[in-house]
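Enquirer: Quick note: the sequence shown, position 236, residue 235 per numbering that gives the first Met the number 0, numbers continuous.
Fair warning: there could be bad hints in the mix.
Calculated pairs, EDC-like style, for lysine to aspartate or glutamate (alpha carbon to alpha carbon, straight line, at most 20 angstroms) [as the list claims (entries may be wrong)]:
(1) K168 x D158
(2) K168 x E147
(3) K206 x D187
(4) K148 x D158
(5) K168 x E151
(6) K14 x D111
In case anyone wonders, no lab produced these hints; they're calculated from the structure. This structure is a prediction, so every number in the text was calculated from the model and none was measured.
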Amino acid sequence: MVFLSLRAGFLNLWKYPRMIWLVYLPGLLIAVAGVFPVYLTLRSYVGDSLVSEELAGYTSMDFVFELFKYHPEVISTLIVAGMVSLLLWGLVSLFLSGGIVATFVTAGEKYDPRIFWGNAGQYFGRFVRLALMGLAVFLLLYLVPLLEKWIEKIIYGNDPYQYITYWGKWFRVIGRFVAILLFVLILDYSRIYAIIRGENRMRVALKEGIAFTATHLRRTFMLGLSFMLIGVVGLLIYNSLADLLSSPHPLVIFVLILLQQLFIVFLIVMR
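Could you put together the complete structure from these sequences and hints?
Expert: Structure (C-alpha coordinates):
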(Lines of atoms letter the chains of each structure in order from A; the text may use other names.)
(Lines give C-alpha, C1' and ligand atoms only; values in the text may rest on other atoms or scores of the structure.)
Protein backbone atom coordinates (compact mmCIF):
# COMPACT_ATOMS: atom_id res chain seq x y z
CA MET A 0 0.00 0.00 0.00
CA VAL A 1 2.80 2.41 0.93
CA PHE A 2 4.74 1.66 -2.26
CA LEU A 3 1.64 2.11 -4.41
CA SER A 4 0.85 5.43 -2.69
CA LEU A 5 4.40 6.69 -3.24
CA ARG A 6 4.35 5.61 -6.87
CA ALA A 7 0.93 7.15 -7.56
CA GLY A 8 1.85 10.41 -5.84
CA PHE A 9 5.20 10.66 -7.61
CA LEU A 10 3.69 10.09 -11.06
CA ASN A 11 0.72 12.37 -10.41
CA LEU A 12 2.82 15.29 -9.19
CA TRP A 13 4.68 15.65 -12.49
CA LYS A 14 1.38 16.74 -14.01
CA TYR A 15 1.80 19.96 -12.02
CA PRO A 16 5.37 21.22 -12.66
CA ARG A 17 4.37 24.78 -11.80
CA MET A 18 3.54 23.77 -8.25
CA ILE A 19 7.03 22.33 -7.83
CA TRP A 20 8.50 25.69 -8.76
CA LEU A 21 5.99 27.55 -6.59
CA VAL A 22 7.23 25.59 -3.58
CA TYR A 23 10.91 25.56 -4.57
CA LEU A 24 11.49 29.24 -5.39
CA PRO A 25 10.16 30.77 -2.13
CA GLY A 26 12.19 28.25 -0.16
CA LEU A 27 15.31 29.16 -2.14
CA LEU A 28 14.79 32.90 -1.58
CA ILE A 29 14.21 32.44 2.15
CA ALA A 30 17.30 30.22 2.44
CA VAL A 31 19.47 32.77 0.60
CA ALA A 32 18.17 35.59 2.79
CA GLY A 33 18.85 33.52 5.92
CA VAL A 34 22.36 32.48 4.91
CA PHE A 35 23.46 35.93 3.68
CA PRO A 36 24.21 37.44 7.14
CA VAL A 37 26.25 34.36 8.02
CA TYR A 38 28.05 34.63 4.69
CA LEU A 39 29.02 38.25 5.38
CA THR A 40 30.39 37.35 8.82
CA LEU A 41 32.26 34.36 7.43
CA ARG A 42 33.70 36.40 4.59
CA SER A 43 34.94 39.10 6.96
CA TYR A 44 36.75 36.42 8.97
CA VAL A 45 38.14 34.28 6.14
CA GLY A 46 38.58 36.92 3.45
CA ASP A 47 40.75 35.79 0.57
CA SER A 48 43.11 33.72 2.73
CA LEU A 49 44.08 30.13 2.04
CA VAL A 50 41.75 29.01 4.82
CA SER A 51 38.79 29.70 2.53
CA GLU A 52 39.92 26.89 0.23
CA GLU A 53 39.17 24.38 3.00
CA LEU A 54 35.49 25.32 2.90
CA ALA A 55 35.11 23.56 -0.44
CA GLY A 56 36.20 20.24 1.05
CA TYR A 57 35.62 18.43 4.32
CA THR A 58 34.55 20.57 7.25
CA SER A 59 37.45 21.42 9.53
CA MET A 60 36.29 21.40 13.15
CA ASP A 61 39.39 23.39 14.12
CA PHE A 62 38.22 26.11 11.75
CA VAL A 63 34.68 25.99 13.18
CA PHE A 64 35.87 26.25 16.81
CA GLU A 65 38.27 29.06 15.91
CA LEU A 66 35.48 30.92 14.12
CA PHE A 67 33.17 30.66 17.13
CA LYS A 68 35.98 31.70 19.48
CA TYR A 69 36.99 34.87 17.64
CA HIS A 70 33.54 35.67 16.23
CA PRO A 71 30.97 34.59 18.86
CA GLU A 72 28.39 36.76 17.13
CA VAL A 73 28.19 34.03 14.46
CA ILE A 74 26.29 31.82 16.93
CA SER A 75 23.62 34.45 17.62
CA THR A 76 23.46 35.25 13.90
CA LEU A 77 22.89 31.59 13.08
CA ILE A 78 20.18 31.26 15.73
CA VAL A 79 18.30 34.41 14.67
CA ALA A 80 18.65 33.69 10.95
CA GLY A 81 17.54 30.09 11.47
CA MET A 82 14.49 31.04 13.55
CA VAL A 83 13.38 33.81 11.17
CA SER A 84 13.90 31.59 8.12
CA LEU A 85 11.99 28.73 9.76
CA LEU A 86 9.10 31.04 10.69
CA LEU A 87 8.92 32.54 7.20
CA TRP A 88 9.09 29.14 5.54
CA GLY A 89 6.39 27.83 7.87
CA LEU A 90 4.05 30.69 6.96
CA VAL A 91 4.79 30.31 3.24
CA SER A 92 4.18 26.56 3.48
CA LEU A 93 0.85 27.10 5.21
CA PHE A 94 -0.14 29.61 2.55
CA LEU A 95 0.83 27.39 -0.39
CA SER A 96 -0.61 24.23 1.14
CA GLY A 97 -4.16 25.51 0.67
CA GLY A 98 -3.62 25.82 -3.06
CA ILE A 99 -1.69 22.56 -3.36
CA VAL A 100 -4.30 20.43 -1.59
CA ALA A 101 -7.16 22.13 -3.44
CA THR A 102 -5.44 21.53 -6.78
CA PHE A 103 -5.06 17.81 -6.11
CA VAL A 104 -8.61 17.52 -4.79
CA THR A 105 -10.59 19.64 -7.26
CA ALA A 106 -8.48 20.52 -10.30
CA GLY A 107 -8.22 17.01 -11.74
CA GLU A 108 -5.66 16.83 -14.52
CA LYS A 109 -5.08 20.57 -14.87
CA TYR A 110 -3.37 23.30 -12.87
CA ASP A 111 -5.80 26.19 -12.46
CA PRO A 112 -4.31 29.43 -11.03
CA ARG A 113 -7.73 30.53 -9.78
CA ILE A 114 -8.18 27.36 -7.76
CA PHE A 115 -4.60 27.42 -6.49
CA TRP A 116 -4.30 31.05 -5.42
CA GLY A 117 -7.95 31.37 -4.40
CA ASN A 118 -7.73 28.49 -1.95
CA ALA A 119 -4.24 29.52 -0.81
CA GLY A 120 -5.59 32.90 0.28
CA GLN A 121 -8.89 31.55 1.60
CA TYR A 122 -7.34 28.93 3.89
CA PHE A 123 -4.19 30.76 4.99
CA GLY A 124 -5.69 32.28 8.14
CA ARG A 125 -7.43 29.02 9.00
CA PHE A 126 -4.23 27.03 8.61
CA VAL A 127 -2.33 29.47 10.82
CA ARG A 128 -4.96 28.88 13.52
CA LEU A 129 -4.71 25.15 12.88
CA ALA A 130 -0.93 25.21 13.33
CA LEU A 131 -1.22 27.18 16.58
CA MET A 132 -3.80 24.72 17.91
CA GLY A 133 -1.60 21.86 16.77
CA LEU A 134 1.26 23.09 18.96
CA ALA A 135 -0.60 21.77 22.00
CA VAL A 136 -0.83 18.35 20.33
CA PHE A 137 2.86 18.49 19.44
CA LEU A 138 3.80 19.41 23.00
CA LEU A 139 1.79 16.48 24.33
CA LEU A 140 3.34 14.04 21.84
CA TYR A 141 6.82 15.40 22.52
CA LEU A 142 6.48 15.01 26.29
CA VAL A 143 5.19 11.42 26.18
CA PRO A 144 8.71 9.90 25.80
CA LEU A 145 9.71 11.66 29.04
CA LEU A 146 7.38 9.29 30.89
CA GLU A 147 10.06 6.64 30.36
CA LYS A 148 12.37 8.55 32.69
CA TRP A 149 9.63 8.67 35.33
CA ILE A 150 8.85 4.95 34.98
CA GLU A 151 12.56 4.15 35.07
CA LYS A 152 12.93 6.04 38.35
CA ILE A 153 9.91 4.28 39.90
CA ILE A 154 11.16 0.78 38.99
CA TYR A 155 14.93 1.14 39.40
CA GLY A 156 15.26 4.13 41.73
CA ASN A 157 17.82 6.91 41.44
CA ASP A 158 20.64 4.58 40.37
CA PRO A 159 19.40 2.34 37.50
CA TYR A 160 21.61 -0.11 35.64
CA GLN A 161 23.81 1.40 32.97
CA TYR A 162 22.12 -0.49 30.13
CA ILE A 163 18.72 0.77 31.37
CA THR A 164 19.96 4.36 31.18
CA TYR A 165 21.52 3.74 27.75
CA TRP A 166 18.41 2.24 26.15
CA GLY A 167 16.21 4.76 27.94
CA LYS A 168 18.03 7.60 26.20
CA TRP A 169 17.55 5.91 22.83
CA PHE A 170 13.87 5.39 23.59
CA ARG A 171 13.45 9.11 24.29
CA VAL A 172 15.30 10.08 21.10
CA ILE A 173 13.20 7.74 18.96
CA GLY A 174 10.06 8.86 20.79
CA ARG A 175 10.71 12.51 19.95
CA PHE A 176 11.34 11.60 16.33
CA VAL A 177 8.01 9.74 16.25
CA ALA A 178 6.30 12.74 17.89
CA ILE A 179 7.54 15.10 15.17
CA LEU A 180 6.48 12.69 12.43
CA LEU A 181 3.00 12.20 13.92
CA PHE A 182 2.57 15.95 14.35
CA VAL A 183 3.35 16.56 10.67
CA LEU A 184 0.96 13.79 9.62
CA ILE A 185 -1.84 15.15 11.80
CA LEU A 186 -1.44 18.65 10.35
CA ASP A 187 -1.39 17.28 6.81
CA TYR A 188 -4.57 15.25 7.22
CA SER A 189 -6.26 18.10 9.10
CA ARG A 190 -5.62 20.47 6.19
CA ILE A 191 -6.85 17.90 3.69
CA TYR A 192 -10.04 17.41 5.71
CA ALA A 193 -10.60 21.18 6.01
CA ILE A 194 -10.42 21.68 2.24
CA ILE A 195 -12.42 18.60 1.24
CA ARG A 196 -15.23 19.43 3.67
CA GLY A 197 -14.90 23.22 3.47
CA GLU A 198 -14.51 23.27 7.25
CA ASN A 199 -14.20 26.68 8.92
CA ARG A 200 -13.68 25.37 12.46
CA MET A 201 -10.06 24.32 12.70
CA ARG A 202 -10.57 22.54 16.01
CA VAL A 203 -12.90 20.16 14.15
CA ALA A 204 -10.33 19.70 11.37
CA LEU A 205 -7.61 19.02 13.95
CA LYS A 206 -9.84 16.51 15.72
CA GLU A 207 -10.53 14.71 12.43
CA GLY A 208 -6.82 14.75 11.56
CA ILE A 209 -5.98 13.13 14.90
CA ALA A 210 -8.77 10.57 14.46
CA PHE A 211 -7.69 9.67 10.92
CA THR A 212 -4.03 9.32 11.90
CA ALA A 213 -4.93 7.18 14.93
CA THR A 214 -7.38 5.00 12.97
CA HIS A 215 -4.90 4.37 10.15
CA LEU A 216 -1.78 4.65 12.32
CA ARG A 217 0.24 1.87 10.72
CA ARG A 218 -0.34 3.01 7.14
CA THR A 219 -0.01 6.75 7.77
CA PHE A 220 3.09 6.30 9.92
CA MET A 221 4.78 4.02 7.39
CA LEU A 222 3.98 6.46 4.58
CA GLY A 223 5.43 9.40 6.52
CA LEU A 224 8.44 7.32 7.57
CA SER A 225 9.03 6.37 3.94
CA PHE A 226 9.20 10.06 2.98
CA MET A 227 11.79 10.69 5.67
CA LEU A 228 13.89 7.64 4.81
CA ILE A 229 13.91 8.56 1.12
CA GLY A 230 15.07 12.04 2.10
CA VAL A 231 17.84 10.59 4.30
CA VAL A 232 19.03 8.28 1.50
CA GLY A 233 19.03 11.21 -0.92
CA LEU A 234 21.02 13.29 1.57
CA LEU A 235 23.61 10.53 1.96
CA ILE A 236 23.97 10.26 -1.82
CA TYR A 237 24.36 14.03 -2.13
CA ASN A 238 26.96 14.18 0.66
CA SER A 239 28.94 11.37 -0.98
CA LEU A 240 28.96 13.19 -4.31
CA ALA A 241 29.85 16.47 -2.59
CA ASP A 242 32.85 14.85 -0.88
CA LEU A 243 34.04 13.37 -4.18
CA LEU A 244 33.77 16.74 -5.92
CA SER A 245 35.26 18.81 -3.09
CA SER A 246 37.48 21.42 -4.72
CA PRO A 247 37.69 25.24 -4.74
CA HIS A 248 37.44 25.32 -8.55
CA PRO A 249 34.48 27.52 -9.69
CA LEU A 250 33.11 24.83 -12.03
CA VAL A 251 33.13 22.23 -9.25
CA ILE A 252 31.40 24.66 -6.88
CA PHE A 253 28.74 25.30 -9.55
CA VAL A 254 28.19 21.54 -9.95
CA LEU A 255 27.83 21.16 -6.16
CA ILE A 256 25.26 23.96 -6.02
CA LEU A 257 23.38 22.36 -8.92
CA LEU A 258 23.38 18.97 -7.16
CA GLN A 259 22.18 20.61 -3.97
CA GLN A 260 19.26 22.31 -5.72
CA LEU A 261 18.32 19.10 -7.53
CA PHE A 262 18.28 17.34 -4.16
CA ILE A 263 15.99 20.03 -2.72
CA VAL A 264 13.62 19.67 -5.69
CA PHE A 265 13.70 15.90 -5.14
CA LEU A 266 12.64 16.39 -1.50
CA ILE A 267 9.82 18.71 -2.58
CA VAL A 268 8.58 16.13 -5.08
CA MET A 269 8.62 13.36 -2.48
CA ARG A 270 6.91 15.56 0.12
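Enquirer: Take the hints in turn and mark each one as holding or not.
Expert: Do the hints match the structure? See the list:
A distance of roughly 15 angstroms separates the Cα atoms of K168 and D158; the hinted pair therefore holds under the 20 angstroms criterion. The straight-line distance between the Cα atoms of K168 and E147 is roughly 9 angstroms, inside the 20 angstroms bound, and the hint therefore holds. For the hint linking K206 to D187, the alpha-carbon distance of about 12 angstroms falls within 20 angstroms, and the restraint holds. Between K148 and D158 the alpha-carbon distance is near 12 angstroms, which keeps this suggested pair within the 20 angstroms criterion.
For a cut-off of 20 angstroms, the pair hint linking K168 to E151 stands: about 11 angstroms separates their Cα positions. Restraint check for K14 and D111: satisfied, since their Cα atoms lie roughly 12 angstroms apart, inside the 20 angstroms limit.
Checked against the numbered hints given earlier, the structure satisfies every one of them.
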